[in-house]
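S.K.: Sequence:
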Amino acid sequence: MKNLTRSLPPARLVCAGLVAALGAALSTAQAAPPATILAASLTAQAGYGTIKGRLVWESAEVPSLKVLVAKGEAQKDPQVCARVEAIPSRELVVDPSSKGVQYGYAYLVKPQGEYSSAAKELVAKAPKVEIDQKNCEFIPHVAALHQSQDLVLKSSDPVTHNIRFTSFTNGAFNQVLSPNGQVELKLIEERRPIPLACDIHPWMRGYVMVFAHPFFAVTGEDGSFEITGVPAGTQNLVLWQEKVGYVTQRAGRGIPVEVAANQVTNVGDIPINPAKAK
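With the sequence shown counted from 1, adding 819 to any position gets you our numbering.
Simulated from the structure, these hints should not be mistaken for laboratory data. The beta-carbon is built from N, C-alpha and C at its ideal position, and this holds for glycine as well. Treat the hints with care, as some may be off.
Unchecked claim - Simulated DEER-style distance windows between Cβ atoms:
#1 Pro907 with Ala945: 24 to 34 Å
#2 Ile1007 with Ala879: 35 to 45 Å
#3 Glu1077 with Arg1010: 38 to 48 Å
#4 Glu1040 with Asn993: 24 to 34 Å
#5 Ala1080 with Pro897: 54 to 64 Å
#6 Thr1053 with Pro998: 45 to 55 Å
#7 Glu892 with Gly1071: 32 to 42 Å
#8 Val1086 with Pro897: 44 to 54 Å
#9 Ser936 with Glu1077: 15 to 25 Å
#10 Glu1077 with Arg983: 15 to 25 Å
#11 Pro977 with Pro1014: 22 to 32 Å
#12 Glu933 with Pro907: 39 to 49 Å
#13 Glu933 with Gly891: 47 to 57 Å
#14 Glu892 with Val1083: 18 to 28 Å
As the list claims (entries may be wrong) - Below, computed lysine-lysine pairings styled on DSSO-like, alpha-carbon distance capped at 30 Å:
#15 Lys1097 with Lys1062
#16 Lys885 with Lys1005
#17 Lys890 with Lys973
#18 Lys890 with Lys1005
#19 Lys929 with Lys871
#20 Lys973 with Lys939
#21 Lys1062 with Lys973
#22 Lys939 with Lys929
#23 Lys885 with Lys1062
#24 Lys895 with Lys1097
#25 Lys890 with Lys944
#26 Lys929 with Lys944
#27 Lys1097 with Lys918
#28 Lys1062 with Lys947
#29 Lys1062 with Lys1005
#30 Lys929 with Lys1062
#31 Lys890 with Lys918
#32 Lys939 with Lys871
#33 Lys973 with Lys885
#34 Lys918 with Lys885
#35 Lys885 with Lys1095
#36 Lys929 with Lys895
Produce the entire structure from the sequences given, and follow the hints as far as they go.
M.R.: Here it is, written out as structure tokens:
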């Protein structure tokens, strides 16, 4: 028993050892960042890239624009509407040379990663988005905005218009616009494009779509689109066109796209089957 007693360390040495071990454990815990902070850091380190592509017509035969109101034949306000030229339907606009389809929406669904600064930058550059009623048409025919941007609905025509829409999230809206008048709206995210109409001039049609993120675009004359500042990783891309609806597979869920940091991911030509545009 005496030998065993001698082999035990003094009580104060045991306490000192425990304190040192506890201090080391606390230091290690303080040095390790929480999992959420670490995840955010890794996301930021992953970087950002760009998604680009084209919406194209999958046929050698390009459809011509349908005439809604022939020149000089408007039934309402002919002194303004179609006075200089005919008013065409813009529900399907295909460029003959490139086969590109204009006025399509390209956007991400539930984008992954951190992008709050990109959204703030977008709103700072363009706090308002305008849709004009000019020559008895909605211009642009298709518009898109972030929910922090103001939507300005205006009229450059010297005649009375109204603007009417019905939506899932933002409800119904119907207001008369006096000549050269305007109204500003604050809308929130919608999952589908909102159709715009003018009942005074019933041929007038347009669309607006509202997003809660900055990753959206409207296809240009050659069908091209580009979405910048996209967090690297797997994102889901949707293309929608007025005449067809969802162009990409999986409807509103989108198609997966791998975005690489500091690189452009080209998804190429995304075709519209003419059979689906009838």
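S.K.: For a quick check of understanding: which of the numbered hints are violated here, in increasing order?
M.R.: 3, 10, 14, 16, 18, 25 and 36
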